[in-house]
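2 protein chains.
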Amino acid sequence: MTAQQTRSPTAEGVARAAAKIAKILPKTPLLEAEVNGARLWFKADCLQPIGAFKIRGAWHRLSDLTEAERAAGVVGVSSGNHAQGVAWAARRLGIAATIVMPVDAPQVKLAATRALGAEVVLYDRPGGEDRDAVANRLCAERGATLVHAYADPWVIEGQGSAGLEIVEQLAERGIEAPTRIVAPCGGGGLTAGLALACPEAEIVPVEPEGWDDVRLSLASGTILRVSADAPPTACDALQTPATWPINFAILQARCAFGLAVSPAEVRAAQRWAFSVLHLVVEPGGATALAAVLAGKVSTDGRTAIMLTGSNTDPESFAKVVTGKD
Amino acid sequence: MTAQQTRSPTAEGVARAAAKIAKILPKTPLLEAEVNGARLWFKADCLQPIGAFKIRGAWHRLSDLTEAERAAGVVGVSSGNHAQGVAWAARRLGIAATIVMPVDAPQVKLAATRALGAEVVLYDRPGGEDRDAVANRLCAERGATLVHAYADPWVIEGQGSAGLEIVEQLAERGIEAPTRIVAPCGGGGLTAGLALACPEAEIVPVEPEGWDDVRLSLASGTILRVSADAPPTACDALQTPATWPINFAILQARCAFGLAVSPAEVRAAQRWAFSVLHLVVEPGGATALAAVLAGKVSTDGRTAIMLTGSNTDPESFAKVVTGKD
Chain A
1 MTAQQTRSPT AEGVARAAAK IAKILPKTPL LEAEVNGARL WFKADCLQPI GAFKIRGAWH
61 RLSDLTEAER AAGVVGVSSG NHAQGVAWAA RRLGIAATIV MPVDAPQVKL AATRALGAEV
121 VLYDRPGGED RDAVANRLCA ERGATLVHAY ADPWVIEGQG SAGLEIVEQL AERGIEAPTR
181 IVAPCGGGGL TAGLALACPE AEIVPVEPEG WDDVRLSLAS GTILRVSADA PPTACDALQT
241 PATWPINFAI LQARCAFGLA VSPAEVRAAQ RWAFSVLHLV VEPGGATALA AVLAGKVSTD
301 GRTAIMLTGS NTDPESFAKV VTGKD
Chain B
1001 MTAQQTRSPT AEGVARAAAK IAKILPKTPL LEAEVNGARL WFKADCLQPI GAFKIRGAWH
1061 RLSDLTEAER AAGVVGVSSG NHAQGVAWAA RRLGIAATIV MPVDAPQVKL AATRALGAEV
1121 VLYDRPGGED RDAVANRLCA ERGATLVHAY ADPWVIEGQG SAGLEIVEQL AERGIEAPTR
1181 IVAPCGGGGL TAGLALACPE AEIVPVEPEG WDDVRLSLAS GTILRVSADA PPTACDALQT
1241 PATWPINFAI LQARCAFGLA VSPAEVRAAQ RWAFSVLHLV VEPGGATALA AVLAGKVSTD
1301 GRTAIMLTGS NTDPESFAKV VTGKD
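So the sequences go chain by chain: A and B.
The letter at position 84 of the first sequence is residue 84 when you use this note's numbering, and the numbering goes up by one with no holes.
Position in the second sequence counted from 1, then plus 1000, gives you this note's numbering.
For the record, the hints were derived by calculation from the structure and aren't laboratory data.
Check each hint, because a few of them may be wrong.
Simulated pairs of lysine-lysine, DSS-like, Cα-Cα distance not exceeding 25 Å [said to hold, decoys possible]:
no., chain 1, residue 1, chain 2, residue 2
1, A, LYS324, B, LYS1296
2, A, LYS319, B, LYS1324
3, B, LYS1324, A, LYS324
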């Protein structure tokens, strides 16, 4: 366990992260579109340079490292989007980055992470190898800092900066702060960050069916793990085995419930994003939209939906938009 | 000929258009990405609500109509994107809109125009029917105002607002005004507007091969029409038979040359936009990017590339991104 897990993330930390991020990353657009005649707001964080919101938390974490920590390098654990976020921030700051990725990660994500200059160490996700154990071993060997994909106060604060951007962008249109933010959920880093950023908003985490451990954890009041026989899912970005206490403490205080969406609902959301918003959204980045389109969450004119990632390969995307998958 | 063609568009008009547009349309993002190691800027106007930059000129034109003109309605001529722009602005202002569209326009564009509440009148583009004649007849019958897709000072000024946004967005990143803007070109409305907006920048219009009448007109010093045996092109948005004097006067003064790109170069650009920028770009919206990727235009760190439209059907897009077309 490394030092960064010993403090709690704060709203002040989110504000500080947002100020740092504003200096290097322009705000992603807050797009407006109608669903069943109702106006909704779509935060297109899938348009970040690495194609995912993960760049936020990675930048906040890495840019806060001491000189000594920077010299020793960082280790990240990720199916691909956090990997690219850490690699992007590391390259920009001149830090050596090693990313522990599953052997079955999408090829586009593996290639993009390597293209950003990171060293990739593969682990056997299908075989059940413990990725955190691999990462901890690397950190111990190298004296490197672990940058967890979600169980890290800096990462949570960084992801929350998207919520502050939504508040500012709604205000620019003369609209009050959001009443509700619906967001894809893996380990709960983004949803916890949004909860800190927007204390008045209802935060709704949305997971793929069978990988809805946060939904079940919220319902039961204790952290539950994904079942060992969880179904395959196209939402590789949300295949986290369990949330962590640092995330769950915030989610439990702020989320009345979580939602799960089916593979068909996710594909319908990707098609809608293609035809209405003209965006490429990966399956895991489309779960919040899927829940809204399926009528699983109530909405109003101050509801924001997070679109969190766009790293999908052409063959898969082509099948989805043409209805062949 | 209607009154709007009797004045010249001006830089002051572009500034006024930009101020009006800023009130209802948030700036589209200026995305940063590398091409062959060089940093370039991509103006994603394909993310406008109607999926195309045409909303700019349509809004400037329609919102400047008198009460009497509004009551009599407007007539537009378009293969689809200008159609949607006029329909969008008309609905918002409570104006009746009739759009003259080719029978072979993409189904997504016909459907979207009707969904915005406009009446669509079809003309026989493949058979060579004169669309301007159809529109002029409708205007005469109804007393309606013609909103030309490019030969209109308001439309030119409105499209130019994209150039002022680029200047502001570069300034936010501490970068001086663009040295060069590369833009798709049909009739020359956008390129003329950009020329007025950015008097110091080189403006490079890019057309599909065989429909490069502006390129040939610039080279010859006189307006030339597209050949009667022009090849089929996927760039339906750029299938204009000829530019008009109101556009050509500006282009001739400001554009040293135009460029043409092949169908394969356009498809490569669409694929690059998918995988690097995560954007859906229609063929006609990707010609400027195609010219840059093909090395047909020199670039520097202050070069901006317009991505102008995203209205393409899923089957066509799927074929392009998977390399099957």
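So, going through the hints one by one against the coordinates:
1. Taken as a hint, the LYS324 (chain A) and LYS1296 (chain B) pair is broken in the structure, with Cα atoms around 37 Å apart against an allowance of 25 Å.
2. A C-alpha spacing of about 13 Å is found between LYS319 (chain A) and LYS1324 (chain B), which places the hinted pair at or below 25 Å, so the restraint holds.
3. Pair hint LYS1324 (chain B) plus LYS324 (chain A) holds up; C-alpha atoms about 15 Å apart against a cutoff of 25 Å.
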